[in-house]
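Quick mapping for you: the protein sequence lines, in order, are chains G and Y. Start counting the first sequence at 1; every next residue gets the next number (our numbering). Start counting the second sequence at 1; every next residue gets the next number (our numbering).
Each hint should be verified, as a subset may be incorrect.
It does not matter which identical chain is meant; a pair holds if it fits inside one copy or across any two.
[As the list claims (entries may be wrong)] Derived EDC-like pairs: lysine to aspartate or glutamate, alpha-carbon spacing no greater than 20 Å straight-line: (1) Lys156 - Asp96; (2) Lys73 - Asp159; (3) Lys122 - Glu93; (4) Lys97 - Glu153; (5) Lys67 - Asp40.
Calculated from the structure, these hints are not laboratory results. Just so you know, these numbers come straight off a predicted model, no measurement behind them.
Number of protein chains: 2
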Amino acid sequence: MALAAASATCIIASMALAAGRADDEASPIFGIKIPAGYRDWKLISVAHEEGNLNDLRALLGNDIAIKAYREGKLPFPDGTIIARLAWSYVPSEENDKVFGHAQSFVAGAPTNVQFMVKDSRKYAATGGWGFAQFKDGKPADEALLKTCFPCHEPVKARDFVFTRYAP
Amino acid sequence: MALAAASATCIIASMALAAGRADDEASPIFGIKIPAGYRDWKLISVAHEEGNLNDLRALLGNDIAIKAYREGKLPFPDGTIIARLAWSYVPSEENDKVFGHAQSFVAGAPTNVQFMVKDSRKYAATGGWGFAQFKDGKPADEALLKTCFPCHEPVKARDFVFTRYAP
């Protein structure tokens with residue numbers, strides 16, 4: 001392999017490794033891969049979406065994200081990654097029996113996972129954030145990812161992040 | 001101070017430190033203090049309770065808890081601690097505007113935090129589990145804590161733990 005081609009391959013490989021696991025597919029537009037170990041990150045908050053989404057969700061943050069949240073510091077620093085996990089919204093008959101009322105809803109099957117990655121230079125065109133969504137390890141398509149930033153624009157005052165920290 | 005009294009004081013102090021923060025109030029019956037650093041533990045799952053509770057909740061586990069969950073291993077080992085955090089269930093007008101529908105519910109003010117602590121010898125009378133609840137750092141009273149185990153008894157087949165791990 002010619003030296004120039006070998007160097008190019010090395011650079012691409014190291015960029016891929018920096019973003020996630022080397023053999024996983026990167027997301028269109030923003031080139032994000034599933035960050036290693038995200039399931040172990042600390043909790044930012046939880047939410048429930050009715051309607052078409054019909055899910056229970058948890059926001060997790062890497063250490064940079066959690067530190068920024070707890071310091072109340074905006075904008076989020078480069079290197080911040082926020083993960084949005086979600087599961088289908090399922091009544092729990094077992095819990096309801098114990099409570100004595102139909103009232104309990106728990107996490108069913110996972111739906112998809114989304115990430116926001118802060119890199120103010122690389123993602124300058126979208127407020128400094130790259131967006132990604134994965135289902136069963138497969139990235140969402142370009143059409144969907146184009147819709148991410150426009151929805152987040154209204155919350156520019158909180159650096160485009162909707163979720164507040166739950167103490 | 002006489003030697004015996006000094007020894008007794010040391011033993012009591014070290015037991016308290018082992019359980020949590022030395023100057024915090026222990027919970028009645030089970031003697032549990034708020035475990036240090038629980039807010040940083042990993043996520044087990046999330047849920048929503050309607051009715052009187054009207055909350056969004058997150059279950060977090062210490063490393064022993066998470067390991068046992070991921071290995072699918074019952075009973076939970078001694079040293080397992082599971083924390084149930086909860087916040088009031090609040091509609092998000094800001095999110096609803098973006099989604100275009102009233103559908104989004106987020107975490108409001110914290111309500112209380114509960115813990116289950118596994119010690120199969122100390123808590124043999126209650127399936128090996130000690131129970132605690134705290135609000136603003138203050139433990140719940142004896143009357144409330146007496147109700148914990150009877151409610152958990154129906155799920156004896158899963159070592160008295162209702163929550164399943166959310167992948």
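Query raised in the report: Against the structure shown, which of the earlier numbered hints fail to hold, in ascending order?
Result: 3
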